Structure formats: C-alpha cells, structure tokens
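A.B. asks: The chain contents come next:
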Amino acid sequence: MEKYDRSDRYLKPLDDGQHEIALATKDLHVSYGEKEAIHGVSLDFERFKITALIGASGSGKSTYLRSLNRMNDNISGTKVTGQIMYRGLDVNSNQIDVYEMRKHIGMVFQQPNPFAKSIYDNITFAPKRHGERRKQVLDEMVETTLKQAGLWEQVKDDLKQSALALSGGQQQRLCIARAIAMKPDILLLDEPASVLDPISTATLEDTLLELKENYTIIIVTHNMQQAARVSDYTAFFHLGDALEYDETRKIFTRPKIKATEDYVSGHFG
Amino acid sequence: MNPRKWDKVATTVLYMISVFIIAVLAFLLLYILISGLPHVTWHFITGRSSSFAAGGGIGIQLFNSLYLLILSMLISIPLSLGAGIYLSEYAPKNWLTDLIRNMIEILSSLPSVVVGLFGFLVFSINMKLGFSILSGALALTVFNLPLLTRKVEDSLQSVHYTQREAGYALGLSRWETVIHVVVPSALPGILTGMILGAGRVFGEAAALIYTAGQSSPPLDFTNWNPTYIASPLNPLRSAETLAVHIWKINSEGIIPDASAVSAGASAILILFVLLFNFAARYFGNKLYRHLTGARERG
Numbered sequence: 045m046e047k048y049d050r051s052d053r054y055l056k057p058l059d060d061g062q063h064e065i066a067l068a069t070k071d072l073h074v075s076y077g078e079k080e081a082i083h084g085v086s087l088d089f090e091r092f093k094i095t096a097l098i099g100a101s102g103s104g105k106s107t108y109l110r111s112l113n114r115m116n117d118n119i120s121g122t123k124v125t126g127q128i129m130y131r132g133l134d135v136n137s138n139q140i141d142v143y144e145m146r147k148h149i150g151m152v153f154q155q156p157n158p159f160a161k162s163i164y165d166n167i168t169f170a171p172k173r174h175g176e177r178r179k180q181v182l183d184e185m186v187e188t189t190l191k192q193a194g195l196w197e198q199v200k201d202d203l204k205q206s207a208l209a210l211s212g213g214q215q216q217r218l219c220i221a222r223a224i225a226m227k228p229d230i231l232l233l234d235e236p237a238s239v240l241d242p243i244s245t246a247t248l249e250d251t252l253l254e255l256k257e258n259y260t261i262i263i264v265t266h267n268m269q270q271a272a273r274v275s276d277y278t279a280f281f282h283l284g285d286a287l288e289y290d291e292t293r294k295i296f297t298r299p300k301i302k303a304t305e306d307y308v309s310g311h312f313g
Numbered sequence: 007m008n009p010r011k012w013d014k015v016a017t018t019v020l021y022m023i024s025v026f027i028i029a030v031l032a033f034l035l036l037y038i039l040i041s042g043l044p045h046v047t048w049h050f051i052t053g054r055s056s057s058f059a060a061g062g063g064i065g066i067q068l069f070n071s072l073y074l075l076i077l078s079m080l081i082s083i084p085l086s087l088g089a090g091i092y093l094s095e096y097a098p099k100n101w102l103t104d105l106i107r108n109m110i111e112i113l114s115s116l117p118s119v120v121v122g123l124f125g126f127l128v129f130s131i132n133m134k135l136g137f138s139i140l141s142g143a144l145a146l147t148v149f150n151l152p153l154l155t156r157k158v159e160d161s162l163q164s165v166h167y168t169q170r171e172a173g174y175a176l177g178l179s180r181w182e183t184v185i186h187v188v189v190p191s192a193l194p195g196i197l198t199g200m201i202l203g204a205g206r207v208f209g210e211a212a213a214l215i216y217t218a219g220q221s222s223p224p225l226d227f228t229n230w231n232p233t234y235i236a237s238p239l240n241p242l243r244s245a246e247t248l249a250v251h252i253w254k255i256n257s258e259g260i261i262p263d264a265s266a267v268s269a270g271a272s273a274i275l276i277l278f279v280l281l282f283n284f285a286a287r288y289f290g291n292k293l294y295r296h297l298t299g300a301r302e303r304g
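Protein chains in written order, with the numbering used here: chain D, 45 to 313; chain Y, 7 to 304.
To be clear, the hints were calculated from the coordinates, so they are not data collected in a lab.
No experiment lies behind these values; they were computed from the predicted model shown.
Where hints are given, some of them may not hold.
Stated by the list, open to error - Derived Cβ-Cβ restraints for the label pairs, each shown as a range:
#1 D/Gly102 with Y/Leu277: 54 to 62 angstroms
#2 D/Gly77 with Y/Arg107: 17 to 25 angstroms
#3 D/His174 with Y/Asn291: 32 to 40 angstroms
All C-beta atoms in this analysis are idealised placements derived from N, C-alpha and C, irrespective of residue type, glycine included.
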C-alpha cells in the first residue's frame, strides 16, 4: 500500500454556528492493549444528516463508531481517551450513566442480531425493561417503528412469529425498528448492509433516507456507491486517522487529499 | 491406493464401528427389557417389597427414586445455574477462574462410589444427617453439579456475542441482558442438560448406598406431613432407591424370586432413563423451534 503523509489532511469544521452539531469528538484515541487503533480523531456530526465513515479494512472506522456509544467498554483492555461531546456532556467520562446514554445513541450492527423472541417482543422488550407498560403505547410503537423500517407490510399479519424466521434483510430492518423504538437522537450503523442482497440493501437505503427526517445517522460502509447515495457528509479513514471530512459530493468529485482520491477511485481498499 | 479408495475404506470402517456400537446397545436394551418386562405388573410397580417371601413389588423404591431425584434437582439446578452464569458471563479470564474450571472437570470425573463415601463422611456423619434422603440428595448434588454447571456454561457460551451487544446497545445492563436475552436463548441446551442429568441421577446407586441408605422405614402413605417420621415426604428418613434395590437383591437378596424382581426393576429403571432421554430431546427441540420459529419454515 502506498504511504500517505498523515499530516496532509482536510477536516471540514462544522462548529461555525451555521450547523447544528448533534455529536462531536475531540482528539479521540482508542487503543487495544498496547496497540493504538485510533490516533486522535476530531469530527463534528450535523443534526438530521447522514454521515458516512469510509475507508479500507483496518482503517479504524468501525472502532471509531463503536466508541461513540462506548460499545468498546465491553472489550477488556480497551482504552478510550479524548472527548465525545453530546448535548454539552462528555460521553467518555466516568460520570456518564452508560445505560442511559445508550438510550439516546442507538446502534445497529453488521450482523443482524434479533433476539430469539417474537417480532413484537423484539421491539417492545427494551422499552418494557425501561418501564413502559401501557399496551396501547407498545402496540403503536411496534406499528410505527416497523413502518419506519419498511417492514410493516411484510410482517403485520403475524407479529407473534419468531424474529429468527425472517430473512437476513428483514432481520436487519427489524433491528433498525428495535433501535428506533428507543427514540434515540443518534443512530449508529456499523456496515448494516454488508450481509444483505442488493434488493434488501436498496430498501435499507430508502429507509435511512426517510429516517434522516428525525434522526442523526452515522453509518460505516464499505460500499462507496452507498456512501455516495445516502450520505450528506463523508469522513475518510486511513490507518486509524480521519484524513478527510467534507460534504459527500465534494469527497466523491473533488477530494482535497491524495489518499482520498486514490481510495474513492478504487486504487486501494 | 488413490484418495477415492481410501475414502471408501475409511467410510466402511467407520460404518462398521457404528453398527457394532449400536448393536451392543440394542442388545443390552432388548435383553434387559425382554427379561424384565414379563415380570412387570401393576402390583409389581406399586406394591411393597417383601423381605423373605416371593411376590414383592418396587413401589416404595420407585417413589424414593423420584423423590430423591426431585430433591437433588431442587438443590443442584439453582446452584448450577448460578455457577454457570458466573463462569460464562461474569468471571474474568485469569488463573483463578481457570483453576475453578479445572476443578469442575476433575470433579465431574470422580467415581460415584467416592462421592458416596465422601457424602457418608460429610453429610451422614459430620452433619449428623444419618442415612437420609437429604444426605442422598446432597451426595447426588455433588455428583451432578459439575456436569450441570459445565452444561450451563457451554450453553450460554454458544449464544453469539452479538446477542449481548444487542442488549447493551438498547441501554440494558449486563444482568438484564444475561437474564432476559442470553439465558432464554440458551434454554434449549440448558434444559437438555438438566433432563439428561436427571437420568444419570435416577440410575445412580453407588453414591446412595452409604448416604440414602439401603432400606426404608415402614411408610404411611396417608400422612404427607414432611415432619412426621413415617411420612413418605420426610427428608430425614432413610430411603432405598430403585437402583440400590437392584444392587441389594443381587448381592444379598434372600427372596426366592430375587432374579425376577431384579430383572423387572431393571426394566423399569431403563424405561425411566429412556423416558428422560426422549423427554430431553423432545422438549429441547420443541423449545428450540419455539424460539427460532423453525417450524414456520419447515
């Protein structure tokens, strides 16, 4: 792989007062044991926009995403330093109630991971645990979230069937419905379409564009066409650094950095 | 020889080994059932055993076996669940937990007669429980606990890590995720392990000879108050189980129909163990299908 000058970078700042920032990281470092995987990344994410994180395998984009709602806490030996600012609070501090925070910053994973429960219970399980008992509210929640995730029409006749009987694409959309049932502010998606067929992927992208109305979305993707189709902003990750961050159309038409240009034109990755 | 021929040879050899094992098992089963079942009557299953005359039954022994089984499962299921959940979900990976796992392995391979003598010393003598159902249940717990714990841990470990992440990402704590997500997913495996463990306990004799004892006091089946000395439910009375009864009449029985009683009792014992095994398969599969919805997809 070609060596790029890591000091050569362009990160568009969004904290100029004209953009509403939903989430921002400042000098975020992530290390597993001795090895540092993310070398100080500072990015601002605008509210109600879709931001794509792209980069080759091992570029650290997933690691970065998973640290935003502190999913890396569960992996022993992981250390995260720097700030993750959300509503004026540093998510990465010890005072934060991680469980409460994750209700606001939801996540959908690479592998669809519905619970071994019915479709209905998959969606209502966590809200119930958090204290919602009213049946009418739960019923409405199931219908709204399944509609938003584009799954309602296919499953509305049998909400009691096991979620594991659904196809992979349907399972992933159920996972999105489950995540938005928590009414989060921010939705993190870690390569949500990587195991889906092209048709399911297209449906999923439509879903994301609709969700953008109400949610701030950050999505990691391997698929550059996907990033170009759905996102407003794109961050290019390379070997644990964010080298370029800009509006998506600029990244894909006139990138300012050589590494970005090589990546989006398919020279490596 | 070429690879294809080698493959054929290996297949044939493996096939013959399997047939041999199945034949041995089938022979044993059929032998016990054919020689035992003709002696089995309703009177035999429910009647009292006799000490000298012919025509005794195994009713009390059968009741003792079931009661002892329930009691020991009541003790060992919560313990094994707790230990298995700790080892799988909470225990840090270090030398101490590795040591615990090794001890469990060693414990699970202890000969049952050693467990019986251990139970005799600790429960019957030191704890002054004497020959009692309680001593027997505790000895059976020692005998069964390592395997159950291992089974619970393995079943929980087989639940994919992404299931736990799904719980965490929804703002659930580790405890909530374990209890409401991981354990239900692992339930088919746990249930199978429990039922198979029950079968093992049901057929156990050596661990009980010195703990639950080799005889039962005269029982009054009209009084079910567990504190009453002749009550069938009294946990502090001695109790001869079916497996112990078979051992006893074969080694020191003086009833004229000893071999018939022994054969009949063996057939009943085998039937129950088979029942446990089929129940384990049936309920395990049913639960798995219920959870995964495999039924809908055929």
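A.B. asks: The structure should be examined with respect to each hint, and the outcome stated for every one.
C.D. replies: Taking the hints in turn, this is what the structure says about them:
1. In this structure the supplied range 54 to 62 angstroms holds for D/Gly102 paired with Y/Leu277, their Cβ-Cβ distance being about 60 angstroms.
2. Our hint of 17 to 25 angstroms for D/Gly77 and Y/Arg107 holds, since their Cβ atoms are close to 24 angstroms apart.
3. At about 34 angstroms, the beta-carbon gap between D/His174 and Y/Asn291 stays in the expected band of 32 to 40 angstroms.
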